[in-house]
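S.K.: Each chain is listed here by its residues.
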Amino acid sequence: MSEMSKITRTVASLAFPFILIFGLYVIIHGHLTPGGGFQGGAIVASACVMLLVAYGSENVGKRLKEEHLSTLESVGALGFIGLAFAGIGTAFFYNLFANTGGLFGNTVEFGINAGDLNTSGVIPWMNIAVGIKVMAGLTAIVLTMAIASNKHFDKEGEE
Amino acid sequence: MMFMDWILHNAPVLILALPLLAAFATPLVGKLGKWPRNVFVVSVAVIVEALVIYLASDVIANGMHTYVFGAASGILLPSGYSVPVRIIFQVDAMSVFMAIISATVTLAGIVYSWAFVTDKQGQSKYYTLLLMMAVGMFGMEFTGDLFNMFVFLEILSIASCALVAFRISFSESSEGALKYMVVSAVGALFVLIAIALLYGQYNVLNLAAVGSAIQFTALDKIALVLLVSAFAMKCGAVPMHMWTPDAYSAAPAPITMVLVSASQASMYALFRIAFTLYGVSMNTGAVGWFIIILGVLSMFIGVTMALPQKDIKRLMAYHAISQSGYMLLGVGVGLATLGSSAFNEYGLTAMKGGIFHIINHAMYKGLLFLTAGAIYYRLNTRNLNKMGGLGHTMKWTAAFFIIGALAIAGIPPFNGFASKVLIYESVFRFSPLLSIIAMLVSVLTLASFVKVFHSAFMGPRLPEYEGVAKEVPWPMFVAMALLAAIVVAMGLFPNLIVDNLVTPAAQALAGRADYLNAVMGGA
Amino acid sequence: MIANIPYIAAMAMVVIGIYACVFRRNLIKVILGVALIESGANMFLITLGYRGLGSIAPIYTNAPATGNMTLPIPQALTLTSIVIGVAVLALMISFAVSYYKKTGTLDTRKGVLKE
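Chains as they are written, first to last, in this note's numbering: chain A, 1 to 159; chain B, 1 to 523; chain C, 1 to 115.
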């Protein structure tokens, strides 16, 4: 993919932070509203893909390396499984931090309410971990595919 | 002692979680270098193998393990009604039996890959995916929940397909992987629709809860058809076998070996659905005969397709189809006679034979695929016509190949003989014709492997391979020796295996009430 | 009858998907067929969640004070299956790209693999 016109690039740059913030909002509010780690991560990844389309895979590929994204993805996955392991004293996936009063540790109000962000224990942490993983993973997938479909790839790349 | 109890209690989940954790840690450890990463992955595989054996010894001695995720026990409603809504793992003797196979095969595959995988790129990802395959297999074998079975089936399919295409620069790998992926995806979606049909009627997903409520209505019949066809497709039974040769021959040799075990995990799911989920609520005779016919077709068509092959791995892939037929035949006879007096007379023996054949097949077919990989590693060809005289220089590989070939053909004293005798004897009492077909297939298998041995290892040394056809590096040798030792040991002491592993597994599979009561309670 | 329309639609999608998988030769269309089967299965699951008429989605934030909520299990299953579907789709498209590069065609019958 090559670079697109200046209008596209400018609009993409302008829209990027807003999409990013919306994605992060969806990740953080995963335990209250529809959405969560995967959906928010997909939104953030789509913002990155928008930049990829606007600026062309050759330019983006120089700055954003697939191996860095892979590392980030591993970190996200390890965070998720690590949090699942944290509760193994009771059972795997046990919600260790719920109702402890710490960060995300408030008790959930009974019945219908406006929703308190600071609840749910381990679930928001897992959403964040999944968000990191999905963000890095989906961006890496599209980036790799875009680079692989470059015309020059067969000559330079080892494939 | 407290620690050992803790390990034992958490063993079902540790067996899954450790490879999962290691899978994602591998790319990070891989940054330290090749040696630390390989040592890390091998040690994880060894720990998992030890955990599986420890769990197996306890399950066989003390009965089923049930592990509840996320809380100490299931949910108790204020009205006093306890519902099994949590995600659970239910590990009985059949599950641990399959887990032993998966763990051993994964361990051998990882050790073998140490020397075999020399590609410049993606080595860490290779181990990640290999460990994910192990996770998928263990998950399918341990889960007590229909939906998780689907999830682990998909994890297994995705990881295996990516590994089939690991050497993407080879011409046939993307075709084989795409074929496998489409077949697996469609099969898994059939499973999902079947699960949705069951959920729509009974409002639960727990295998035991659905099993104890099942009515065998028209919708249940549709679900049964979808489940059986999807899992039969995944285990490569004959009308749906077209993906097997392509995927098996395109994958790197250690992956092919693990793929055999992955197909057997699907076969376990098929048996679990037939015996535990539906069990005597359905017409076991009809479904049993269906599985028997699948088995006989697989046996016969698999071996006849294998005879003219010139590609060594394609040939072995067709033999893998043929050997799965024995397992389907043995267990199918058990299912067809389930609940009648014939079950105790010969049905259980047939099941024992079929189940024993699963572990035997995983070991000797794994060994054979590894020897094929060793030949490929040295000669860079899979074409039998281009090989020859390897027996002069690759003596150990030749010896391992002989062990594997004699075992697959059912020659005493190797392990294939023990399980085949159980199948022949019991199936003969069920229907003599089936037994005769099984013996004929065995003879054809021997003929086919004699051909392979002759063209690959016999004859004079070929000048073009002078200096190339050396003995394999030590990790590959260790992996093959491990499997060969297991094949010989199981062949020499089949009684030990049958009494301590296979019989509890067959009884666990047939004992539907125990499985259901472990979750649902009551007598 | 009117309540059965979603089931019919979901199964129709599954059947169209299977048709595309079996009878189309273009790999992209086969992959689209798999995606259609998946969408049909997901729709079926979601419909199962709303069997009770008049129930609302299980979101506590700002929910109305009366009325029944659906059991969120089918939604959770659908979500999982969508996540898996993304991975399957990405993998299949990657294989198709690689196949196209080697053969110069996406037609499975015309494609001749170069050695």
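Hints in this document: simulated from the structure, not taken from any laboratory.
Don't take every hint at face value.
Residues from chain B shown here face chain C by an in silico Cβ test under 7 Å; the list is partial [stated by the list, open to error]: (1) F147; (2) G200; (3) Q201.
Here are the simulated DSS-like cross-link-like pairs (lysine-lysine), alpha carbons at most 27 Å apart as the crow flies [to be verified]: (4) A/K62 with C/K101; (5) B/K34 with A/K65; (6) C/K102 with B/K125; (7) A/K65 with B/K125; (8) C/K102 with B/K120; (9) B/K310 with B/K221; (10) A/K62 with B/K310; (11) B/K125 with C/K110; (12) A/K62 with B/K395; (13) C/K101 with A/K65; (14) C/K102 with A/K65; (15) C/K110 with C/K29; (16) B/K310 with C/K29; (17) C/K29 with B/K120; (18) A/K65 with A/K6; (19) A/K65 with B/K470; (20) B/K31 with C/K101; (21) B/K395 with A/K65; (22) B/K386 with C/K29.
Where is the CB? At the ideal position from N, CA and C, for every residue including glycine.
S.K.: Hint by hint, say whether it matches the structure.
M.R.: Hint check results:
no.: 1; hint: F147; in the structure: holds, 6 Å
no.: 2; hint: G200; in the structure: holds, 5 Å
no.: 3; hint: Q201; in the structure: violated, 10 Å
no.: 4; hint: A/K62 with C/K101; in the structure: holds, 23 Å
no.: 5; hint: B/K34 with A/K65; in the structure: holds, 21 Å
no.: 6; hint: C/K102 with B/K125; in the structure: holds, 23 Å
no.: 7; hint: A/K65 with B/K125; in the structure: holds, 16 Å
no.: 8; hint: C/K102 with B/K120; in the structure: holds, 21 Å
no.: 9; hint: B/K310 with B/K221; in the structure: violated, 42 Å
no.: 10; hint: A/K62 with B/K310; in the structure: violated, 46 Å
no.: 11; hint: B/K125 with C/K110; in the structure: violated, 33 Å
no.: 12; hint: A/K62 with B/K395; in the structure: violated, 50 Å
no.: 13; hint: C/K101 with A/K65; in the structure: holds, 23 Å
no.: 14; hint: C/K102 with A/K65; in the structure: holds, 26 Å
no.: 15; hint: C/K110 with C/K29; in the structure: holds, 15 Å
no.: 16; hint: B/K310 with C/K29; in the structure: violated, 33 Å
no.: 17; hint: C/K29 with B/K120; in the structure: violated, 34 Å
no.: 18; hint: A/K65 with A/K6; in the structure: holds, 24 Å
no.: 19; hint: A/K65 with B/K470; in the structure: violated, 40 Å
no.: 20; hint: B/K31 with C/K101; in the structure: violated, 31 Å
no.: 21; hint: B/K395 with A/K65; in the structure: violated, 46 Å
no.: 22; hint: B/K386 with C/K29; in the structure: violated, 39 Å
Violated hints, listed in ascending order, are 3, 9, 10, 11, 12, 16, 17, 19, 20, 21, 22; each of the other numbered hints is respected by the structure.
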